[in-house]
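Asker: The residues making up each chain are set out below.
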Amino acid sequence: MHLTLKVWRQKNNDSEGRFETYELDGISSDMSFLEMFDVLNEKLIAENKEPVAFDHDCREGICGMCSMYINGRPHGPLQGVATCQLHMRSFNDGDTIVVEPWRAVAFPVIKDLVVSRTAFDRIVASGGFVSVNTGNAQDANSLPVPKEAADHAFMAAACIGCGACVAACKNSSAMLFVSAKISQLALLPQGQAERKIRAEKMVAQMDTEGFGACTNTGACSAECPKEISMENIARMNREYLGAKLTSSAV
Amino acid sequence: MSWLTQTLSSSIGKKLVMALTGLFLTSFLAVHVAGNLQLFNADEGLAFNLYTVFMTTSPIIKTISYGLYAFILIHAFQGFYLAYQNRQARGKVTYSKVDNQSTWASRNMALLGTVLLVFIVVHMAQFWYDYKFGQLPFKKYTIELAEGKIVNTETMPEGYMLKSKLEEQLSDDQKTKTIIVKDLYMIVDRAFANLPLVLLYVLSMVAVSYHLVHGFRSAFQTLGINHPKYNPLLDFLGVWVFGIIIPAAFAAMPVYFYIMHLLH
Amino acid sequence: MATSSRLNAKIPEGPLQDKWTKYRSSVPLVNPSNKRRLEVIVVGTGLAGASAAATLAELGYKVKAFCFQDSPRRAHSIAAQGGINAAKNYQNDGDSIYRLFYDTVKGGDYRSREANVYRLAEVSGSIIDQCVAQGVPFAREYGGLLSNRSFGGVQVQRTFYAAGQTGQQLLLGAYSALERQVGMGTVQMYTRHEMLDVVVIDGKCQGVIVRNLVTGEIERHAGHAVLLCSGGYGNVFYLSTNAMGCNVTAAWKAHKRGAFFGNPCFTQIHPTCIPVSSEHQSKLTLMSESLRNDGRIWVPKKKDDTRNPSQILEEERDYYLERRYPAFGNLVPRDIASRAAKERCDAGYGVGPSKMAVYLDYSSAIERYGRAEANKNNIHSPTDEQVRALGKAVVKEKYGNLFDMYKQITGEDPYEVPMRIYPAVHYTMGGLWVDYNLMTTVPGLYALGEANFSDHGANRLGASALMQGLADGYFVIPYTIGSYLANEIRTGAIATSHPAFEKTEQEVKDRIEKLLTINGHTSPEQFHRRLGHIMWNKCGMARNEQGLREAIEEIRTLRQEFWQDVRVMGTANEYNPELDKASRVADFLELGELMCLDALDRNESCGGHFREEYQTEEGEALRDDENYMYVSAWEYHNDSQWELHKEDLEYDNIKIAQRSYK
Chain A
1 MHLTLKVWRQ KNNDSEGRFE TYELDGISSD MSFLEMFDVL NEKLIAENKE
51 PVAFDHDCRE GICGMCSMYI NGRPHGPLQG VATCQLHMRS FNDGDTIVVE
101 PWRAVAFPVI KDLVVSRTAF DRIVASGGFV SVNTGNAQDA NSLPVPKEAA
151 DHAFMAAACI GCGACVAACK NSSAMLFVSA KISQLALLPQ GQAERKIRAE
201 KMVAQMDTEG FGACTNTGAC SAECPKEISM ENIARMNREY LGAKLTSSAV
Chain B
1 MSWLTQTLSS SIGKKLVMAL TGLFLTSFLA VHVAGNLQLF NADEGLAFNL
51 YTVFMTTSPI IKTISYGLYA FILIHAFQGF YLAYQNRQAR GKVTYSKVDN
101 QSTWASRNMA LLGTVLLVFI VVHMAQFWYD YKFGQLPFKK YTIELAEGKI
151 VNTETMPEGY MLKSKLEEQL SDDQKTKTII VKDLYMIVDR AFANLPLVLL
201 YVLSMVAVSY HLVHGFRSAF QTLGINHPKY NPLLDFLGVW VFGIIIPAAF
251 AAMPVYFYIM HLLH
Chain C
1 MATSSRLNAK IPEGPLQDKW TKYRSSVPLV NPSNKRRLEV IVVGTGLAGA
51 SAAATLAELG YKVKAFCFQD SPRRAHSIAA QGGINAAKNY QNDGDSIYRL
101 FYDTVKGGDY RSREANVYRL AEVSGSIIDQ CVAQGVPFAR EYGGLLSNRS
151 FGGVQVQRTF YAAGQTGQQL LLGAYSALER QVGMGTVQMY TRHEMLDVVV
201 IDGKCQGVIV RNLVTGEIER HAGHAVLLCS GGYGNVFYLS TNAMGCNVTA
251 AWKAHKRGAF FGNPCFTQIH PTCIPVSSEH QSKLTLMSES LRNDGRIWVP
301 KKKDDTRNPS QILEEERDYY LERRYPAFGN LVPRDIASRA AKERCDAGYG
351 VGPSKMAVYL DYSSAIERYG RAEANKNNIH SPTDEQVRAL GKAVVKEKYG
401 NLFDMYKQIT GEDPYEVPMR IYPAVHYTMG GLWVDYNLMT TVPGLYALGE
451 ANFSDHGANR LGASALMQGL ADGYFVIPYT IGSYLANEIR TGAIATSHPA
501 FEKTEQEVKD RIEKLLTING HTSPEQFHRR LGHIMWNKCG MARNEQGLRE
551 AIEEIRTLRQ EFWQDVRVMG TANEYNPELD KASRVADFLE LGELMCLDAL
601 DRNESCGGHF REEYQTEEGE ALRDDENYMY VSAWEYHNDS QWELHKEDLE
651 YDNIKIAQRS YK
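Protein chains in written order, with our numbering: chain A, 1 to 250; chain B, 1 to 264; chain C, 1 to 662.
Just chain A, with the same shape it has in the complex:
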């Protein structure tokens, strides 16, 4: 396969970025998208040019590190697939592929296609947990959890924190990410004790980070590699408004 790549290059967050165009030959359709980038980088190194920086790690769709905005879509053209699981058989010989970093004020560019997503960590640190010190737990089977609740909690917990939801949203809203965590813990009995304060704190932190507000376009869910449902955002709204109306904090 022959490809033309238009790749965003940016030295760091302070400098301006621009697109560079690269021609690439001999790409096999069995390669993964990131392996295609490996080939590009090897080629650049051979030409004594600086390789493209991009985030990646597990390359099996679970760590959430990879983050490329490919031809106008986070993680590229396939539904429910992270960049690392995208293969070149999804493209055609002669295609031009535009690759950009996630773009959001809350995700500053570190270099080229690499952005910082520490905002997500801070949101989790604000309340995305159950306060249970090690050793405090009772027997795991002492509290039955309806299978349906466990399954729904799992589906929300499957979020890999890649940030595609923010990248896809025209408002750069992080509500799918935040709602997945709030939902997981709201659905389980273990999460009940801190249910209200969790929703209040996580939403407050989300707002502080500079993410936009949700306008329910559904782009986040459509682009989510783990297909996290919009139902979670509805649940978060309920949790948050319910908490605000009834919590003791004035």
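A hint or two may mislead.
[As the list claims (entries may be wrong)] Keeping only pairs whose Cα atoms sit at most 20 Å apart, straight-line, the calculated EDC-like set for lysine to aspartate or glutamate is:
1) C:Lys407 - A:Asp30
2) A:Lys6 - B:Asp99
3) B:Lys177 - B:Glu167
4) C:Lys303 - C:Glu279
5) C:Lys355 - A:Asp30
6) A:Lys147 - C:Glu141
7) B:Lys229 - A:Asp151
8) C:Lys396 - A:Glu148
9) B:Lys92 - A:Glu16
Keep in mind that the hints were calculated from the coordinates and are not lab data.
Guided by the hints, dock chains B and C onto chain A, whose structure is given.
Answerer: Leaving out everything else, chains B and C in the frame of chain A:
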């Protein structure tokens, strides 16, 4: 009350304000369209004019309408502010290429809302302002009571004034009654002889349609209502009732008058 | 043979069952006000690191945690699929702490330490309790209780799971506990930081040198203890199921500063991975061992049979695992399943374009589940199509995400055609040698999780890595670290201006400078690939003396070439993944040699270490308990110079036998 301002100024709180005001405006539309259907009554505007009187005199309706004006303003300004903020969240550099996986309407609520705001201003200046503060002609209907038929209508001479908006009088033989009422119907009728205006109305109703197809369902989502059992009902209401039937009924009104003018 | 005087495993006295309980109650404590003044550095935030950092912070220690990823949640524990073992006996199938202990020691081919493994089995139940309390959404039955499945090498159902994403869910649980402490200010989190050396002052480890990967800045961090939770070194093989960033650097630097390296040659080759398809392949993807629960593994009986698998009749198929190991069948331990696949492929029975693959077939499971479902739903005499549809639905519920992943990568639909699988490097049982307290031979320097030489002996059983990582972090280190830190309360704050910090930092800077100024022709990636090739061919699934000797020579040559010809683009003062990569490859180039050396020393076959010279007539591993029942612990002296120390393994509670799964 700091918790309340805090809540309403949070991202979810702002959405909540949009949802609640939006749903109120939506419910107003349902009432408005029901009333305006009187325009299609072949009674030379009597029902419509009576309805107008009711709408502008009933204390309850009046209270609600002040709320309505406030909600329109809140909905509009909050909407603009949110759109601005949301735009800021993307940052200076935007994507060079976007292959959207969302509906056009959902992404363009602010644009659609702007169209609607302009429309509302035009619409109110034209009818509401005129009705309240302008010099409207009065019309006198004579109705035969036995069959409820209008036997005579007559536009009162220019300069005719009435203390109230409506005057009803029973004839001495108790067989007919006369009603004198501000004739908004005629204003409507005249206005829609104007093609550009008709087009503006139709276009605005298309905007209403798109705005509501997304907005109705979205408001429920914001309120936390998203359940596989009830989503089909919400979809039906949002798309068919509020997205298609109501805007279509509204749009039919100017078109109807325009065609009537063409035929005469 | 006697244990080297340099190795003191510090195993508590007393009967096996009481060792941990008694020790736990007698280990010195640090009082809360002193804990606040003691700093602990945790390197790596996988299951072991995140759980240790969170727990130590809960106890009151000041913790600094480091990871090279952009978030602690992305450590490679996240990719573990199948499950986590615990001796809960919820299934009432006869499980017990002793049985988990026994299975683990036997599975490890009698090369692990009894006391450690028993402790692991003892705390396994608490791990599940802790995780459930954190909100980890384990799979449940309709009654609301936890569900279990079976894994290789075991005849009970003791594996807890969350679909095929157990590692993810457990790590997110530990990560949330960690972030909670970060939010409380008790843990300082440093993401995108890589540890490049440990600082040893007066024989004690008292700090680390790290590089801020974003700015390139070299930083000094002091601590009263340093915990290396930096994972395994499977990436020495280039192609492995490890994440691209997994590296040995932290452990290797510690090794060069005096920590002995234990059993480096013990690597686990996982039997069910998606085969290599092209030369550009950058990594291999595991298909969870849980698939062997229901899938059947086979190759054609005829050599070089290139027919479509659906055309090969039942009687023309060789279900070689079921044939060779009737008792355990497709659920034999990983090392055995891997070798059996290699044996078939080497003998010419392999399938697929490369002939280096075997089939993992779900058709009979689909059929079986389909019939059961039809029965359940009162469908009498269902059509074949109905059966298939019903069966597929069951399989989808159990393994859907794995099947999707297979389809993503290969473009083939595993519901319709059998999956092609081949063994791949997956885990390293070897690692830094640690005592019962998890302390390395450098006082104050600990190794947890996959980074230590671990409790798995020569082969790890499925679903035991998650168990060990969390056991070390949640339930072992919080107690055992007290025995060292109790004596550190008088040390006071450690100044990073100490000459040892200065010297170590300078060495780190010099090395970076050197890497950047070679300006050769070959990218680090290509060196890594070549190293991987040598390792896989000569120190992989099967090893022999001649190959190992050759490999050592080849690695030395390659290392020399690396230091003369590597081309590292960019500068030291910026985000530079090429520099990170080069630095990691340089360490792998040294580790590879030690692995071969260790494999050469061990003149026996055991677990994942298979020396072709030492096998039974049937091709099974032939252990030599008389001469090799020891942990090899290598001390680094100089380039290519190591000294071997041996820790004798004693089994008082287990009868040692030829491992049989027949």
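Asker: Now, for every hint given, state plainly whether the structure supports it.
Answerer: So, going through the hints one by one against the coordinates:
Using a Cα cut-off of 20 Å, the hinted pair Lys407 (chain C) and Asp30 (chain A) holds, with the two alpha carbons roughly 12 Å apart. A hinted pair counts as satisfied when its Cα atoms are at most 20 Å apart, and Lys6 (chain A) with Asp99 (chain B) qualifies at roughly 16 Å. For the hint linking Lys177 (chain B) to Glu167 (chain B), the alpha-carbon distance of about 10 Å falls within 20 Å, and the restraint holds. For the hint linking Lys303 (chain C) to Glu279 (chain C), the alpha-carbon distance of about 25 Å lies beyond 20 Å, and the restraint is violated.
Our distance criterion of 20 Å between C-alpha atoms is met by Lys355 (chain C) and Asp30 (chain A), whose separation comes to about 17 Å. A distance of roughly 6 Å separates the Cα atoms of Lys147 (chain A) and Glu141 (chain C); the hinted pair therefore holds under the 20 Å criterion. With a C-alpha separation of about 18 Å, the suggested pairing of Lys229 (chain B) with Asp151 (chain A) holds against the 20 Å cut-off. Between Lys396 (chain C) and Glu148 (chain A) the alpha-carbon distance is near 17 Å, which keeps this suggested pair within the 20 Å criterion.
About 10 Å separates the Cα atoms of Lys92 (chain B) and Glu16 (chain A), which keeps this hinted pair within 20 Å; it holds.
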